[in-house]
Amino acid sequence: MSAQAGTVPRLGSSLDSRLRATARSEWIKFRSVRSSPLALVATALIVVLGAWLLAAGNRGSAAASPASKAAFDPVFTVLQGIELGQLCIGVLGVITVTGEYASGLIRGTFLATPQRAQVLAMKALVFTVAVWACCTAMSFAAFFLGQRVLSPAKHAGIGDPGVLTAVFGAGLYLTLIGLLGMFIAVLVRRTPAALAALFGLLVVLPIVFIEIPGKITKNLGEFMPDAGEKAFQLLHSGAYTLGPWQGLAVLAAYIAVAAVAAFALIVRRDA
Amino acid sequence: MSHAMAASGAGSAVHAPPAVYRRAGAALAAEWIKLRSLRSMLITPLLGAVACIGVADLAVKNNAAGWAHLDAAGKAQFDPLVINFNFVVLGIVLFGVLGALVATNEYGSGLIRMTLAATPQRGLVLAAKAVLAGLASFALAMVITFTAFFTGQAILFGAHAPHLSLGDHNVLAHLLGTVYYMTAAGLIGVFTGILVRSAAAAITSMFGLLLVLPVLADKITPDAVTRHTVPYLPLNLGDELLHRHPGRFPGLSPGIAVAGLAAWVLVLAAAAAFSLRGRDA
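Going down the list, the sequences are from chains L and V. The first sequence runs contiguously to residue 271 in this note's numbering. The second sequence runs contiguously to residue 552 in this note's numbering.
Calculated from the structure, these hints are not laboratory results. Heads up, none of these hints are tricks.
Quick list of in silico lysine-lysine cross-link-like pairs, DSBU-like style, CA-CA up to 30 Å:
{"#": "1", "chain 1": "V", "residue 1": "Lys332", "chain 2": "V", "residue 2": "Lys346"}
{"#": "2", "chain 1": "V", "residue 1": "Lys490", "chain 2": "L", "residue 2": "Lys215"}
{"#": "3", "chain 1": "L", "residue 1": "Lys218", "chain 2": "V", "residue 2": "Lys490"}
{"#": "4", "chain 1": "L", "residue 1": "Lys154", "chain 2": "L", "residue 2": "Lys69"}
{"#": "5", "chain 1": "L", "residue 1": "Lys215", "chain 2": "V", "residue 2": "Lys346"}
{"#": "6", "chain 1": "V", "residue 1": "Lys346", "chain 2": "L", "residue 2": "Lys218"}
{"#": "7", "chain 1": "V", "residue 1": "Lys490", "chain 2": "L", "residue 2": "Lys154"}
{"#": "8", "chain 1": "V", "residue 1": "Lys346", "chain 2": "V", "residue 2": "Lys490"}
{"#": "9", "chain 1": "L", "residue 1": "Lys69", "chain 2": "L", "residue 2": "Lys218"}
{"#": "10", "chain 1": "V", "residue 1": "Lys332", "chain 2": "V", "residue 2": "Lys490"}
{"#": "11", "chain 1": "L", "residue 1": "Lys218", "chain 2": "V", "residue 2": "Lys332"}
{"#": "12", "chain 1": "L", "residue 1": "Lys215", "chain 2": "V", "residue 2": "Lys332"}
{"#": "13", "chain 1": "V", "residue 1": "Lys490", "chain 2": "L", "residue 2": "Lys69"}
With the sequences and hints as input, model every part of the structure.
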């Protein structure tokens, strides 16, 4: 990139200002598409309303026998709506890219900024910042609402060990799912195919691994992208008992692979 | 198409609208051309069928290998039909997504405007689409269900584990119930696609409604509200058709499950018809 900046010694087009301009145009595209706020609102509704429903529905088991009380995870229980909400964030990541291909806008984007890697990097950055802010906010809202509904049965305070990490990690997890969707979308460039690949990885394969009993499937099942859900669990189970950060690292590894492939392909292919 | 034009041309010559059955035939012919000329509509069902049967056979194979090591309680619980048909949880998502794509594909390409200009009777367009998508779903479901059953039970037979044949008590009814369930999922996909008009929203709805929501709702301790709602999610209704022993929900029976799935399809069909009539394309 600095090499490219060197070959174009135009006034006022320093790398810094070009990055800023690309980020600004990506931000305009992100916020002016009607589906972006819609997807974020849908996710927020699912996660926050879900926290309320899940807390109300599980109050009984939190107060039942000592054994079920010990196995009750008040944080994961109320944040579990994320398993549904992640579909909306995944879609948002996918259509942020495929929407541009479908409308043909991508050709205009690449004409304006031929440094395609820069476009993708800024797109990912803008998406990450915007989605991460929203998702962290909804994660904290869901947590506080859920704990209020759960009490006086077993519930958690934000200061309890591991809780802050978990609530923070829930927002991070959602953001990472969106990023994964985004890079997969760059690879396949079509909405249905990208959604099928993303949801296949997130939802379908883990179920396939559960349905086929055996050592291999059990071990593989722990290292699917949904390992990132460990981020918002207080009680950890499974053969390898991944912790919150290890779980997120597994998800991040998938994103890294998809991102490397996406950056390699986007500079090479026709738009 | 040429048939349709000839029909309407002949009609206008004598100033009488074409007969209803001719219009229906023309609409069906047009929908059929659109359905079979989509490249993805051959590859995706084929791959989906292979995946479904593959998962079914792998699950049966691994379960059959473990059968000899089960204790008495495990052996008593071993249900050759259930381990054979666990894949249906995922199979219906395939049907839902295919149905959604049949409907939303036209919105993505803008072809829907042409379709509705050619056939302003929008209810007729929707009906033709649903009939063909339903028949295609039914055919695919038959192939998947019976292939999975015969290969799965043959694997169990080979492993000297308990197995079933088509003539056994109620087995055929369960298999046909599964076909019905998958066909219903395909139609739910078509009507949802017409309702939301975008592939992204329709595919997400299918994954959410058919797979994630029921699994999530299952974890809630039953209370007054969930006891009367959760069993009627499509996944739980379909499950009831598949299990030979009384299922997890005491209020459900196979009859209620059949009626419940029909209700999902009909309510969505009514909503889709209503919105297709009222909205711009």
